[in-house]
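Respectively, the protein sequence lines represent chains A and B.
Each step along the first sequence adds one to the number in my numbering, with nothing skipped, and position 138 is 138.
Each step along the second sequence adds one to the number in my numbering, with nothing skipped, and position 117 is 1117.
There could be a bad hint or two in this list.
As the list claims (entries may be wrong) - Calculated pairs, DSS-like style, for lysine-lysine (alpha carbon to alpha carbon, straight line, at most 25 Å):
hint, chain 1, residue 1, chain 2, residue 2
1, B, Lys1183, A, Lys90
2, A, Lys90, A, Lys101
3, A, Lys100, B, Lys1090
4, A, Lys109, B, Lys1175
As the list claims (entries may be wrong) - Heads up, incomplete: computed chain B residues facing chain A, CB under 7 Å, no partners named:
hint, residue
5, Pro1039
6, Leu1076
7, Lys1161
8, Asn1165
9, Arg1170
10, His1172
11, Lys1175
Source of the hints: derived by calculation from the structure; they are not laboratory data.
Keep in mind it's a predicted model, so treat the numbers as computed, not measured.
Glycine is no exception: its CB is placed at the ideal position from the N, C-alpha and C atoms.
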Amino acid sequence: MQIGFYPGCSLEGSSKEYSQSLLAVAEKCGVTLEEIKDWSCCGASAAHSLNHDLSIALPARTLALAENQGMTEVVIPCAACYGRMAASQKAMLEDASVLKKTQGFIDMKFLGNVQLLTVFEFLQKYIFPVADQYIVNKLNQKTACYYGCLLARPKELTKLERPENPMEMEAVMEKAGATPIDWAFKTECCGAGFSMSRTDIVAKLSGRILEDAADRGAESIIVACPMCQSNLDLRRPEIKKQLKKDINIPVLFITQALGLSMGIPAKDLGLENHFVSTGKAVSCIVKKEA
Amino acid sequence: MHKPTNTTHSPSLKKRMEQEIDVIASHCYQCGKCTAGCPLNEDMDIMPNQILRMLQLELPGYEDKLLSSLSIWLCLACDTCYSRCPQEVKLSQVMDFLRQESVRQNKVNPKAKDILKFHQAFLETIEKNGKLNEVWLTLNYKLKTLNLLQDINKAPSMFFKGKLNPIPDRVHNVKEIEKIFNKVRENEGGTKCK
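Generate coordinates for the entire structure from the input sequences, incorporating the hints supplied.
Here's what the structure looks like:
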């Protein structure tokens, strides 16, 4: 089974472990992901903030490449990339003048016949049906499933059943033998692209998220977005200063957590690359009872 | 795309917005849900619902007030406002439109300069490489803002954790990306918004 894969820039840099763990889980389950050849950046929040046409054209190039390479489905694990690619695809499919203009910019034809999959859709469609035979461990910990903005909104792109209180990630974590907690900040914004330009805002918003998770006894926070992960993990010293307290809950990618339940070694899931030690989350794990 | 308007005969900011994006200002009935749910409302100088109100009323001077506000740059595009709006007003698109107008008319709020420079550094890095390289982005941003020492203590550990690639991974045919940027700019009539 071969499915297209768009890693996006973060997954080649600060969030390598997201890509590494997704590929490890897919391999374990016999699913092959094929990277789109010569893909380029989706433009992220910079493009849509400064230039509307560019924010449609940049993703359109990669979408057209995927079509030319014969792909019918592409999984886009980064929540931000997914949002931009899906928005571009939707804009071109819904408005013939946008399509014409964009095809002119990229000098390629766009057909719109590639289906874009969020990480949840990919897991539900390709991993869930076979996961049970590979899950050997029970994560055995309370987890706060954190969606942030772009996995939940806007609802016409993310396709979640309940954008205010989604449960898709909880379903994955229950499969992995964790206990998802009920909490208030699962779809609040972490500060996203302000990581460098307004670190104070990131510390404030991410601090609220972390504090609620801690108050409700979470032992790990599970994310599916590189910006959420880096704001909650890399920016922990700034958050600590803001909250005036030390919270040491690790922040794992959903595919790292799932990989642990499948017995994939922590090293192969990139769990040693985090700033907040993931040791505590790993040490909770027990063998699954037969 | 949007043309700069300095003459009194050109259509108003609201008219241009309604032509450019899928938003009709009068659809908003001022329930205030957008402002209530906005994660950054306490940092904003004009509340999200007030932005729509100003567009509805078009009182004298509203264009400058909106285009030089800090709020339009603080908006994180988290879409909480839109997802809770009973009238489904796409406020994040309003913010994008106002940001682009603000750059075009050179009215960016001084407190938002670093945010703008970050976006510009981001796009310049993509134009050169086709992909975003975080090392290049950081260096470019630091040079623009002269915040040279910011986060310098994070660099060594990020490097040893394999999170920094000093040698940028580029798109094979990077000329294609440059061409896209150039064509989009030409289409805009050479405005400076990158």
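Hints versus structure:
Taking the CA atoms of B/Lys1183 and A/Lys90, the gap is near 22 Å; set against the 25 Å cutoff, the hint holds. Restraint check: the Cα-Cα separation between A/Lys90 and A/Lys101 comes to about 14 Å, which is no more than 25 Å; the hinted pair holds. For the suggested pair A/Lys100 and B/Lys1090, the alpha carbons sit about 24 Å apart, so the restraint of at most 25 Å is met. Pair hint A/Lys109 plus B/Lys1175 holds up; C-alpha atoms about 18 Å apart against a cutoff of 25 Å.
Against a cut-off of 7 Å between C-beta atoms, the interface hint on B/Pro1039 holds, since the closest Cβ of chain A lies about 5 Å away. Interface hint at B/Leu1076: satisfied, since its Cβ lies 5 Å from the closest Cβ of chain A, which is below the 7 Å cut-off. Of the supplied interface hints, the one on B/Lys1161 holds, with its beta-carbon coming within about 4 Å of a beta-carbon of chain A, less than 7 Å. A cut of 7 Å between beta carbons decides the hint on B/Asn1165: the least distance to chain A is about 6 Å, and the hint holds.
Look at B/Arg1170: its Cβ only gets to about 9 Å from chain A, farther than 7 Å, so that hint breaks. Hint status for B/His1172: holds, given a least beta-carbon distance of 5 Å to chain A, under 7 Å. A distance limit of 7 Å between C-beta atoms decides the matter here; for B/Lys1175 the minimum to chain A is near 11 Å, and the interface restraint is violated.
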